[in-house]
Amino acid sequence: MEKYNTYKRPFFVSAATVAGNLVSVMHIAKEISLAAKNAKAIAERAGEKANGFRPITDYIDEMGYETMSLVNAINKEALEVSRIAVNELRAKEVYQKLLSAKEYIGEDVPVSVEKLIQEASERLSEHTIELEKDKARLIHLLEEIKNQMRASAVISTCSRVEATQAEEYETSLQVVSENVDAASKKITMIVNDCDDLLAHH
Amino acid sequence: MKDTILFDDGYKWIFFGRDADKPEKIIDTNQYLVKDGNRCLLLDPGGIETFSAMLASVTRHVRLEDITEIFASHQDPDIISSLGLWDKALPHTRLHAPWLWEGFIRHFGCNNIQYVGIPDEGSELVLNKTKLVFIPAHYLHASGNYHVYDAKAKILMSGDVGAALEPPESGMFVEDFKAHTENMTLFHQRWMPSNEAKNDWIARVRKLDIDMMAPQHGRIFKGDDVKRFLDWFEALDVGIAIKKLDEAKAA
Numbered sequence: 106m107e108k109y110n111t112y113k114r115p116f117f118v119s120a121a122t123v124a125g126n127l128v129s130v131m132h133i134a135k136e137i138s139l140a141a142k143n144a145k146a147i148a149e150r151a152g153e154k155a156n157g158f159r160p161i162t163d164y165i166d167e168m169g170y171e172t173m174s175l176v177n178a179i180n181k182e183a184l185e186v187s188r189i190a191v192n193e194l195r196a197k198e199v200y201q202k203l204l205s206a207k208e209y210i211g212e213d214v215p216v217s218v219e220k221l222i223q224e225a226s227e228r229l230s231e232h233t234i235e236l237e238k239d240k241a242r243l244i245h246l247l248e249e250i251k252n253q254m255r256a257s258a259v260i261s262t263c264s265r266v267e268a269t270q271a272e273e274y275e276t277s278l279q280v281v282s283e284n285v286d287a288a289s290k291k292i293t294m295i296v297n298d299c300d301d302l303l304a305h306h
Numbered sequence: 099m100k101d102t103i104l105f106d107d108g109y110k111w112i113f114f115g116r117d118a119d120k121p122e123k124i125i126d127t128n129q130y131l132v133k134d135g136n137r138c139l140l141l142d143p144g145g146i147e148t149f150s151a152m153l154a155s156v157t158r159h160v161r162l163e164d165i166t167e168i169f170a171s172h173q174d175p176d177i178i179s180s181l182g183l184w185d186k187a188l189p190h191t192r193l194h195a196p197w198l199w200e201g202f203i204r205h206f207g208c209n210n211i212q213y214v215g216i217p218d219e220g221s222e223l224v225l226n227k228t229k230l231v232f233i234p235a236h237y238l239h240a241s242g243n244y245h246v247y248d249a250k251a252k253i254l255m256s257g258d259v260g261a262a263l264e265p266p267e268s269g270m271f272v273e274d275f276k277a278h279t280e281n282m283t284l285f286h287q288r289w290m291p292s293n294e295a296k297n298d299w300i301a302r303v304r305k306l307d308i309d310m311m312a313p314q315h316g317r318i319f320k321g322d323d324v325k326r327f328l329d330w331f332e333a334l335d336v337g338i339a340i341k342k343l344d345e346a347k348a349a
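Chains A and E are the protein sequences, given in the same order. Those letters in the first sequence? Residues 106 to 306, by our numbering. Those letters in the second sequence? Residues 99 to 349, by our numbering.
Keep in mind that the hints are not guaranteed to be accurate.
Reference listing, derived: stretches of chain E covered by chain A, where coverage requires no fewer than 3 residues with Cβ under 8 Å from a Cβ of chain A [as the list claims (entries may be wrong)]: (1) 148 to 158; (2) 184 to 195.
With a Cα cut of at most 16 Å, we get these calculated EDC-like pairs of lysine to aspartate or glutamate [what the hints assert, rightly or not]: (3) 120/E with 267/A; (4) 113/A with 298/E; (5) 113/A with 218/E.
No lab work stands behind these hints, which were simulated from the structure alone. As the structure is a prediction and not an experimental result, all values here were calculated from the model. By construction, the Cβ of each residue, glycine as well, lies at the ideal position given by its N, Cα and C atoms.
Using the sequences and the hints given, assemble the complete structure.
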């Protein structure tokens, strides 16, 4: 185990781990949508007493769906980044092996071998550029989720205030607000962990 | 890549496969994970082309540091050509694979992972709560070949035995055994070289208590379909390529 703790994760492992971690974000986003549906039902029952709360439930519901669709997009992107990182690693290995072969040959390296090395180097550069682009896209998508969670924190504060106006329904609506707040915090924590994973490369 | 939990009682058996995004011309493969706390076993982790999807799928269920063991039933590329990448992703693990194939499998890249050669007579592996037996299946189809049996879960991971060639969108379990034999016949006749080895394996496997037989390609057999498979396999003549050549010469 010490071997695992002390070694530097290859980038393709970090990207795949991001994809894996996002599964729990998906579950939490589903919980948010469920909370929104419960809140809607309570707000219906509360009638005029929940007038301020009702529009917020639509927003929470929408946020749950948007988070789910964003997580889907990030999941695909993370998997793609991991795949490209594997390709880059393989291209790097090919390039290094060809350089070793050149060393074995010593003097008078045939033109054909030099050409192979040149092509391998170009392929490696292409993979590296592609990887950097996709990595940036992935980081951007993670940032989008964080923005959404910041907005969610504001909404849960507003909903807590609105809940106080709902008289006997206040407790139930407060629970909804707290659930949304807790879910947003959990998502932010997971996304921060994903950021950390990617930042170490 | 899809994942399905096959057994969940103190530890888990998880299936991975039916990868709709895999490159079209490579054969679809089934991978399995035995999740037992901080000691998990990855069975036949697959080829280099499906590595990324497999790695991402596995991270949904376990922390990578908890995968301490890998098993390769034999040396084929669809089984273990990803080894060089796992070697970088999981440098702390041990690979349990046929002793016979060590010098060959190492060609895939095995600098960090420890190779534990399984002896001809088979061996056992104990995780935390799970006891697994590496059962010899030599010449089915590789000359050094093993299956994995779990007596508590009553699962036999049967490598290429029971394999079927079907598209990735096919179902998880055998539903119509008779119809399924059409997808298995040629595979077993052509890839399995020896009737003697086949019958020896069947005699040993009949003594095991099996609820689920999980091959490396195609659908999983459950309940009575396990016995149906053993009967069908017993009656099947394998190693047909040589006979066909003989027939061609005679004609």
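Worksheet item: Are there three or more residues in the stretch 184 to 195 of chain E whose C-beta lies within less than 8 Å of some C-beta in chain A?
Response: It holds: at least three residues are needed, and the stretch 184 to 195 of chain E offers 5 whose Cβ sits within less than 8 Å of chain A.
Worksheet entry | 16 Å Cα cutoff - pair residue 120/E, residue 267/A | violated, 50 Å
Worksheet item: Is it true that the CA of residue 113/A sits at most 16 Å from the CA of residue 298/E?
Response: violated, 47 Å
Worksheet item: Are the Cα positions of residue 113/A and residue 218/E separated by 16 Å at most?
Response: violated, 37 Å
Fill in: Claimed coverage, the stretch 148 to 158 of chain E by chain A - three or more beta carbons nearer than 8 Å
Check passed, 9 qualifying residues.
Consistency note: the structure conflicts with the earlier hints numbered 3, 4 and 5.
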